[in-house]
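2 protein chains.
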Amino acid sequence: MLPVCVIGLGLIGGSVLRAARAAGRDVWGYTESGQDAAVARADGFLVESDVDAALTLAAQRDALVVIAVPLPSLASVLRRIVVMAPNCPVTDVISVKGPVLDAVERLAPSLTFAGGHPMAGRSESGWAAGSAELFHGAAWVVTADEKTDLAAWRIAAELALDCGAHVVPTTAYEHDDAVARISHLPHVLAAVLAAVGADVGPLPLALAAGSFRDGTRVAGSRPELVRAMCEGNAPALLPALDDALGRLGAARGALASTGSLKATLDAGHRGRLALIGQQQSEWLAVTVDLTAPDVHDALQSVGAQGGRVVRLAENTALAEIPRSRVDNDL
Amino acid sequence: MLPVCVIGLGLIGGSVLRAARAAGRDVWGYTESGQDAAVARADGFLVESDVDAALTLAAQRDALVVIAVPLPSLASVLRRIVVMAPNCPVTDVISVKGPVLDAVERLAPSLTFAGGHPMAGRSESGWAAGSAELFHGAAWVVTADEKTDLAAWRIAAELALDCGAHVVPTTAYEHDDAVARISHLPHVLAAVLAAVGADVGPLPLALAAGSFRDGTRVAGSRPELVRAMCEGNAPALLPALDDALGRLGAARGALASTGSLKATLDAGHRGRLALIGQQQSEWLAVTVDLTAPDVHDALQSVGAQGGRVVRLAENTALAEIPRSRVDNDL
Chain A
1 MLPVCVIGLG
11 LIGGSVLRAA
21 RAAGRDVWGY
31 TESGQDAAVA
41 RADGFLVESD
51 VDAALTLAAQ
61 RDALVVIAVP
71 LPSLASVLRR
81 IVVMAPNCPV
91 TDVISVKGPV
101 LDAVERLAPS
111 LTFAGGHPMA
121 GRSESGWAAG
131 SAELFHGAAW
141 VVTADEKTDL
151 AAWRIAAELA
161 LDCGAHVVPT
171 TAYEHDDAVA
181 RISHLPHVLA
191 AVLAAVGADV
201 GPLPLALAAG
211 SFRDGTRVAG
221 SRPELVRAMC
231 EGNAPALLPA
241 LDDALGRLGA
251 ARGALASTGS
261 LKATLDAGHR
271 GRLALIGQQQ
281 SEWLAVTVDL
291 TAPDVHDALQ
301 SVGAQGGRVV
311 RLAENTALAE
321 IPRSRVDNDL
Chain B
331 MLPVCVIGLG
341 LIGGSVLRAA
351 RAAGRDVWGY
361 TESGQDAAVA
371 RADGFLVESD
381 VDAALTLAAQ
391 RDALVVIAVP
401 LPSLASVLRR
411 IVVMAPNCPV
421 TDVISVKGPV
431 LDAVERLAPS
441 LTFAGGHPMA
451 GRSESGWAAG
461 SAELFHGAAW
471 VVTADEKTDL
481 AAWRIAAELA
491 LDCGAHVVPT
501 TAYEHDDAVA
511 RISHLPHVLA
521 AVLAAVGADV
531 GPLPLALAAG
541 SFRDGTRVAG
551 SRPELVRAMC
561 EGNAPALLPA
571 LDDALGRLGA
581 ARGALASTGS
591 LKATLDAGHR
601 GRLALIGQQQ
611 SEWLAVTVDL
621 TAPDVHDALQ
631 SVGAQGGRVV
641 RLAENTALAE
651 IPRSRVDNDL
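In order, the protein sequences belong to chains A and B. Numbering-wise (our numbering), the first sequence opens with residue 1 and increments by one. Numbering-wise (our numbering), the second sequence opens with residue 331 and increments by one.
It cannot be assumed that every hint is accurate.
Here are the in silico distance ranges between beta carbons for each label pair [what the hints assert, rightly or not]:
id, chain 1, residue 1, chain 2, residue 2, range
1, A, 249, B, 379, 47 to 53 Å
2, B, 580, A, 297, 38 to 44 Å
3, A, 254, B, 587, 27 to 33 Å
4, A, 105, B, 565, 50 to 56 Å
5, B, 467, A, 262, 31 to 37 Å
6, B, 467, A, 254, 32 to 38 Å
Okay, the calculated bits of chain A under chain B, using three or more residues with CB under 8 Å as the criterion [said to hold, decoys possible]:
id, segment
7, 28-40
8, 129-135
9, 162-175
10, 193-200
11, 223-231
12, 262-273
13, 290-296
In short, the hints are calculated from the structure, not lab data. Where a beta carbon is used, it is the ideal one built from N, C-alpha and C, also for glycine.
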């Protein structure tokens, strides 16, 4: 098991550090927050006080470097890795993948790199909010684009599995489109709903019950964190917003002209059933040959089918594909 | 305490029957569902096997008649009340108020009527899903339009208080606008979100976490029930949809042109804080003189401020107005 050097010890980076140690790995990290560093050291972790020291140790020990800083800090971290630990395998846990891949190709094309994104979070942030269990049972995307180095993919996937997650292999583009639809669009719609409910005086809020509470919950998150997440994925979020605008406009038009919301509500109900069906589906085991020439396609296919890699052997990945029951129910 | 005759024994009507009996009232009902009637009788309730028999008993005993049928059945029930129990006070528990008021004015203008809408529900429906506790702590709108008979308003409000709810007085128009924003729009947005997430293949759903699950939860409700609720309030839902479309379009435009979602997300965050703030606010006690010439205005003002009536005395209503703390927090 490779040692792990985590650059950035917020909620996600701090949880990776804890989970990797719990899995038996040697770990250390770096954070620019003196306060987080002090607390992490008090929790028994080695936290270097400058990034070059952490990366020097990574180079000496052939560690996996995990970039866990916000997107705006990515470029400066990549530049330090190229100088201090150019031969270490590298992954990241940033919530968009296309812009990360672009930055790596531009600033550090020689790195052995595969991008990652664990689909887990909390409303709190910072080292104190993290835990070794944060990723248990969660999906953890590890991108497998055509150019992805398979050794880097495997190293990043092993970290995800060690952290208790399952690995969803897909491309950076497909990842960004998917999270725009199921993570970023929900935040925008929740904000719109909260404003429509609140901006005409107190009466609507006084009558609000479960549907409004659920529909606006994520509007309670800190707007600056939501902005960073959504705005960083603007190229994928714009088409998702257009999709939503088109469907909402069609609902409005149908209600005005025919009095019916049948098409809108039936499609939404099917979508919700598909979500439930996928989460409750049986899983078909499939084996991916990691030595095959079309391995990138095979991995991408697992993700495209809603599947996941649950174990890695020497030359194979054991994956599971959902056999959704929802098609039979509708 | 007036006896209570409930016409329609689904989730809401059946819960009113139970709650009114639990409050010590004589109660009986009617349902066209032979199965629900049999179960209700087995539960110890008097359930007449035709609507005229139930209304005859109401006329004999000067009971309050509660209309708890779906909107499409309202007209036929009103016609029977006019014939069989024309002097009984009447209220309803249908989820729109403007169309109900129109039907009463058209078909039964001589009735002593005030409309009602308890803001409580469950995803299950029918007699079996009801309970005497369904309305505990819930808001129960009783409309107080300029033409509303104050005696009818008081009788309907006393039923709501007996059922454990608090009474929100407002106009039919303001009620319908409010529920369009906080109950019907959430269903349409949940449907749109579920479809955007589900209609491009399994990957997005495989990555979906809390924000998508919360944002699509009500899309799991039975579409025909959601349709009846939303389509019956089309005149108020259309402007709410336009408000949402305008805000979503503005978000899209800002993201495309400036890369920023700040205005959208800040407004949504303020709305969510206003919801939390209103629900956690301190309450200022105010007394409404039910004999004053401007009593309708005074009652409407309670609702417009997000307030509620919590007790009725001989000539006064004790109300509470929220003193929101959220203004100080922002």
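Quick check: which numbered hints come out false for this structure?
Per hint list: 7, 8, 13 violated.
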